[in-house]
Amino acid sequence: MDNRRPSRTVSDPKVRQVGFVTPGAAPPARYLSEVPTTAAASSPPSGEPAPPAISISPVMIPPPRHSPSPSAPLAVPNPARRESLQIQVGGYNPPEVLLGSPPLTSPSSRMDDTVSQFSEDPSMSPCDGRSGAAKVAPSFPGSSGEMMVMKAGTVGGGSNTPKSSWTTASVAKTRPGIQEKEREAFVGTQNDGAGASKTLKEKTTKAERRALQEAQRAAKAAAKESGAGVKLSAAPGGAVPANTKQGKVVKSPAQKKDGPQVANPSVSSEKKVVDRPPEKDRKKDIPPPRMQFDDIHRVEKAKRRALVYQFEAKNRVELFRHLPQYIHGTQFPDLETKFFQLDPMHPSVYKVGLQYLSGNISGGNARCIAMFLAFREAIRDYSTPPEKALVRDLTAKISSYVSFLIECRPLSISMGNAIRFLKNRIAKLPDTMPESEVKSSLQSDIDRFINEKIVIADKVIIRHAVTKIRDGDVLLTYGSPCVVEMLLVYAHEVGKQFRVVIVDSRPKLEGQALLHRLVAKGISCTYTHVNAISYIMHEVTRVFLGAASVLSNGTVYSRVGTACVAMVANAFQVPVLICCEAYKFHERVQLDSICSNELGDPDVISKVPGRKDLNHLDNWADTENLQLLNLTYDATPSDFVSMIITDYGMLPPSSVPVIVREYRRENLWI
Amino acid sequence: MARMDFEVVVLAGGTSRKLNPLVSQEVPKALLPVANRPVLSYVLELLEASNLKDLIVVVEGEDAALRIGGWISGAYVDRLHVEVAAVPEGVGTAGALRAVASYLTANDVLIVSGDLVTDVPPGAVAATHRRHSAVVTALLCPAPVSGPSDTGTSGGKEKAKKPVRCNIVGLDPTRQYLLHMATGAEVEKDIRVQKSILRAVGQIEIRVDLMDAHMYAFKSVLQDILDQKDKFHSIRQDILPYLIRTQLNSEVSDNGVIKSESGMDNISSQNDLRWLSQHREIAPSAFQEPHAFGLKSLPDARRTHKCCVYIANESKYCARLNSIQAYSDINRDVVGEASHLSGYSFSAQNNIIHPSAELGSKTTVGPQCMLAEGSKLGDKCSVKRSVIGRHCRIGSNVKIVNSIVMNHVTIEDGCSIQGSVVCSNVQLQERVVLKDCQVGAGYVVTTGSEHKSESLARK
Numbered sequence: 001m002d003n004r005r006p007s008r009t010v011s012d013p014k015v016r017q018v019g020f021v022t023p024g025a026a027p028p029a030r031y032l033s034e035v036p037t038t039a040a041a042s043s044p045p046s047g048e049p050a051p052p053a054i055s056i057s058p059v060m061i062p063p064p065r066h067s068p069s070p071s072a073p074l075a076v077p078n079p080a081r082r083e084s085l086q087i088q089v090g091g092y093n094p095p096e097v098l099l100g101s102p103p104l105t106s107p108s109s110r111m112d113d114t115v116s117q118f119s120e121d122p123s124m125s126p127c128d129g130r131s132g133a134a135k136v137a138p139s140f141p142g143s144s145g146e147m148m149v150m151k152a153g154t155v156g157g158g159s160n161t162p163k164s165s166w167t168t169a170s171v172a173k174t175r176p177g178i179q180e181k182e183r184e185a186f187v188g189t190q191n192d193g194a195g196a197s198k199t200l201k202e203k204t205t206k207a208e209r210r211a212l213q214e215a216q217r218a219a220k221a222a223a224k225e226s227g228a229g230v231k232l233s234a235a236p237g238g239a240v241p242a243n244t245k246q247g248k249v250v251k252s253p254a255q256k257k258d259g260p261q262v263a264n265p266s267v268s269s270e271k272k273v274v275d276r277p278p279e280k281d282r283k284k285d286i287p288p289p290r291m292q293f294d295d296i297h298r299v300e301k302a303k304r305r306a307l308v309y310q311f312e313a314k315n316r317v318e319l320f321r322h323l324p325q326y327i328h329g330t331q332f333p334d335l336e337t338k339f340f341q342l343d344p345m346h347p348s349v350y351k352v353g354l355q356y357l358s359g360n361i362s363g364g365n366a367r368c369i370a371m372f373l374a375f376r377e378a379i380r381d382y383s384t385p386p387e388k389a390l391v392r393d394l395t396a397k398i399s400s401y402v403s404f405l406i407e408c409r410p411l412s413i414s415m416g417n418a419i420r421f422l423k424n425r426i427a428k429l430p431d432t433m434p435e436s437e438v439k440s441s442l443q444s445d446i447d448r449f450i451n452e453k454i455v456i457a458d459k460v461i462i463r464h465a466v467t468k469i470r471d472g473d474v475l476l477t478y479g480s481p482c483v484v485e486m487l488l489v490y491a492h493e494v495g496k497q498f499r500v501v502i503v504d505s506r507p508k509l510e511g512q513a514l515l516h517r518l519v520a521k522g523i524s525c526t527y528t529h530v531n532a533i534s535y536i537m538h539e540v541t542r543v544f545l546g547a548a549s550v551l552s553n554g555t556v557y558s559r560v561g562t563a564c565v566a567m568v569a570n571a572f573q574v575p576v577l578i579c580c581e582a583y584k585f586h587e588r589v590q591l592d593s594i595c596s597n598e599l600g601d602p603d604v605i606s607k608v609p610g611r612k613d614l615n616h617l618d619n620w621a622d623t624e625n626l627q628l629l630n631l632t633y634d635a636t637p638s639d640f641v642s643m644i645i646t647d648y649g650m651l652p653p654s655s656v657p658v659i660v661r662e663y664r665r666e667n668l669w670i
Numbered sequence: 001m002a003r004m005d006f007e008v009v010v011l012a013g014g015t016s017r018k019l020n021p022l023v024s025q026e027v028p029k030a031l032l033p034v035a036n037r038p039v040l041s042y043v044l045e046l047l048e049a050s051n052l053k054d055l056i057v058v059v060e061g062e063d064a065a066l067r068i069g070g071w072i073s074g075a076y077v078d079r080l081h082v083e084v085a086a087v088p089e090g091v092g093t094a095g096a097l098r099a100v101a102s103y104l105t106a107n108d109v110l111i112v113s114g115d116l117v118t119d120v121p122p123g124a125v126a127a128t129h130r131r132h133s134a135v136v137t138a139l140l141c142p143a144p145v146s147g148p149s150d151t152g153t154s155g156g157k158e159k160a161k162k163p164v165r166c167n168i169v170g171l172d173p174t175r176q177y178l179l180h181m182a183t184g185a186e187v188e189k190d191i192r193v194q195k196s197i198l199r200a201v202g203q204i205e206i207r208v209d210l211m212d213a214h215m216y217a218f219k220s221v222l223q224d225i226l227d228q229k230d231k232f233h234s235i236r237q238d239i240l241p242y243l244i245r246t247q248l249n250s251e252v253s254d255n256g257v258i259k260s261e262s263g264m265d266n267i268s269s270q271n272d273l274r275w276l277s278q279h280r281e282i283a284p285s286a287f288q289e290p291h292a293f294g295l296k297s298l299p300d301a302r303r304t305h306k307c308c309v310y311i312a313n314e315s316k317y318c319a320r321l322n323s324i325q326a327y328s329d330i331n332r333d334v335v336g337e338a339s340h341l342s343g344y345s346f347s348a349q350n351n352i353i354h355p356s357a358e359l360g361s362k363t364t365v366g367p368q369c370m371l372a373e374g375s376k377l378g379d380k381c382s383v384k385r386s387v388i389g390r391h392c393r394i395g396s397n398v399k400i401v402n403s404i405v406m407n408h409v410t411i412e413d414g415c416s417i418q419g420s421v422v423c424s425n426v427q428l429q430e431r432v433v434l435k436d437c438q439v440g441a442g443y444v445v446t447t448g449s450e451h452k453s454e455s456l457a458r459k
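Chains A and B are the protein sequences, given in the same order. Under full-length UniProt numbering, the final residue of the first sequence carries the number 670; numbering is consecutive throughout. Under full-length UniProt numbering, the final residue of the second sequence carries the number 459; numbering is consecutive throughout.
One thing to keep in mind: the hints can contain errors.
[Stated by the list, open to error] Heads up, simulated PhoX-like pairs for lysine-lysine below, C-alpha to C-alpha not over 25 angstroms straight-line:
| id | chain 1 | residue 1 | chain 2 | residue 2 |
| --- | --- | --- | --- | --- |
| 1 | B | K53 | A | K338 |
| 2 | A | K338 | B | K316 |
| 3 | B | K18 | B | K53 |
What the hints contain is simulated information worked out from the structure, not anything from laboratory work.
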């Protein structure tokens, strides 16, 4: 990939011409953080060989000021931590360590970071995993006992109060005993998990069990380390075996390799102990790898779990069997009828799911906003069930909502990012925070995300992009990307003289609505279908496109047809500008649109609107040799993209990984 | 919290004049047996199947409420949590709702008529309602074909001429929004369609083959309407047309909803609106606002509300028990083509004969018949497409065709009953011939009398 890039810059001088320019409007803080961005972006063409330490990252080249010292890049405290990091940000992580902060201060600060981030209780002193656990534990039995009492109270109240309030009406009083039982049964089924575990393990308190578990874990880890220590006993004894409790524990070489990092071994052991549970959460954060729908066993399993009945799709296209098949037609009524049966679902989440399924809400931003607003409402109405930790339970809840939404329609990448943000926020909540505060802080987080990452980002993009519109331009857009629409309207408002060519395609014909709105605003437009693209491209001076996502190899993942438009524009030497909010960026690398895509309704392509006489494909599903394919997205290679306009400025596609890397951990998600 | 933020109100009505000889003080309309089960049980079981177990049943009249309440607490003792509320007679459906309005706390209310016999899942209506965040969503069903039991008699012909249940429904081209609704009684020769709505939509589809099934999902603004418009008497005749009429010029706009909510909610939902409206303003494409309305420019989008419909599938059964004709139709269908509704298992002969029923020799019970427990039939009887209740004593040589015989009826030898409804405790003496008659409870039909298209009841 690296050797492809220079040649491209040669072949397409326009890329450089448009260049990586951030207008003065950008806040100074952003400028500061963009320094490495520029460095990274400019370095590939210079052909500087990548240092061996970071050869795993395909595009990334560290700025020269950080010489790859042998200790820093591999400063990975333990294998588990390393794994988690790699899962988090893929190949770009080690350089990030490099760029993070000066190497000397970084170890301790990073350790502290991880400790406070991973430990469930920030007040926990960094002394010993055991005592820490014990310190957390006492709060549990007491509170859970309280909860139980409260539960009993509400059970009683629940069955009594409504009746008493019904004094005006004559009440068909069912026998109270049975009523009570029924209620109780209902409550029981609601939190059966808690109840079951309670009855099973009545004898040991939660604290005891926890302590036991921790001890086992610590012992295991110690054994492992000591085993390794025997092998590599030549390591320098930088660390002091302070933790005598674990007997023969000699500080492991794995930690010694970190050398200066491990200032206090007890910290590391402590970290190790508390590292585990968040590790699991961590894994949950990452959207599970796309399900391979041609794997029969997995599909069976998923079907059993699914809330929405999964139907078999007919006449599947062989090449796309691994994708979730489009089954809306049968799924939708089924989901509707089950409206009241899906117990754990929050009504607002359900509503959003229905809206996805019916197509009432489409488009990455809109879907993301709708989802977040639904989650916000769900969080508002959330209350931690007794005997559960808020962080865990809420994460599980959100996960179940997400899987429901996935069943309604596969997630867009932007939604995946947003979900990851939310889960991170939940995971980082301190345990001591009262529930009401947690809820309000999460709600404000969601608001902030919507505001900053979508609403304001769009405005910034428009401000950037409008500088690229000159008087007399002919702008081409494809479909109905909302940012581009905003841009065109804004440019018109600020008095730019331009003409718009709207290229549209069946079956959605979204461009028509766009055309309607633009014409209503007084913008002169030309409307054509994508099959006339090569004809119309002669007159076009700029192509503005939207994107569902921009992947880290610069590939633009967008509505199907975008690639074709971009390619033709490239052939005609017309610059292609992609408007995309940075929260839609993703570290995934994708070379084609086959391995990951979304299938739409195959029926819609067999129908021609307004031409009922064209019914040759009416019963196509009966013909076994015929499969219809309605893809939703395609991947535009970065070669065809001149510039990506995002809320961090205007960049060449090669700079996408920098944004992904730099802003994911720091500004973007926190 | 109510399930999915929906509360359910069943309007079980009181007595109905249309069903006159059949209903009485003892048998309110809701308890009228359909296939030997009170008609209300069909609604309750439908709701139960949808996991809606906290219901409010509103009944007109204290007596009726007591009876219905008694029956419900007996039949659904451990299955449903039902509150029965009595309202004075003659307050209408709107009045009934007003009476229980203070108990409705959820965001949406599902209102079901107690005389509905259907298998359309209420969840579908609710889901449609939610999806569109409509103010009201009505369930429309394909109008049932009125009974083939009208055998070419003159009376039947007259009935057929009269469009009894003719609803005129105006829909948008996508068939999601309700733009016009008028019932047969209100329609004289012409219908008036609001110009503003027509202009906004561009095209209205007028349907007459749909029936309003009286299952509505209402937003909580319903309460405001009930408060403001105290003259409103009925949901169907006042509230629904009002909402449809004002959908482009809403007086129940979303702002009103927010104000009615309390403190914390207030702020958040305003925030909600701000985000959404901000984004919607800048990206109208993303939210396919009423596709129909969206394209045409509207004066003020915020002053509109949506009235939606859920049109039930052709294959679903849906009927309302609101006339004698409908009563016999429903009875016939429930043991016939819509037999899954009855909840009984059918025998190989496609009929239901309770094991405790006794049949004389040479007595035949045809398909699509029902014979409840303890009934005795004499010799050489013939029962076709009829429902016979509990503990009936039926003599020899009796012919029962297309009829409904309720409980504890005595039918003596040689009677012939066709297309009739015979209520409980009726005595039909020997050789009575009934055709298309309704016999009120406790009536005694004297020996040898012949009746045709008559309504017999005790004075």
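Results of checking the hints against the structure:
no.: 1; hint: B:K53 x A:K338; verdict: holds (15 angstroms)
no.: 2; hint: A:K338 x B:K316; verdict: holds (16 angstroms)
no.: 3; hint: B:K18 x B:K53; verdict: violated (31 angstroms)
Of the numbered hints given earlier, the model fails hint 3 alone.
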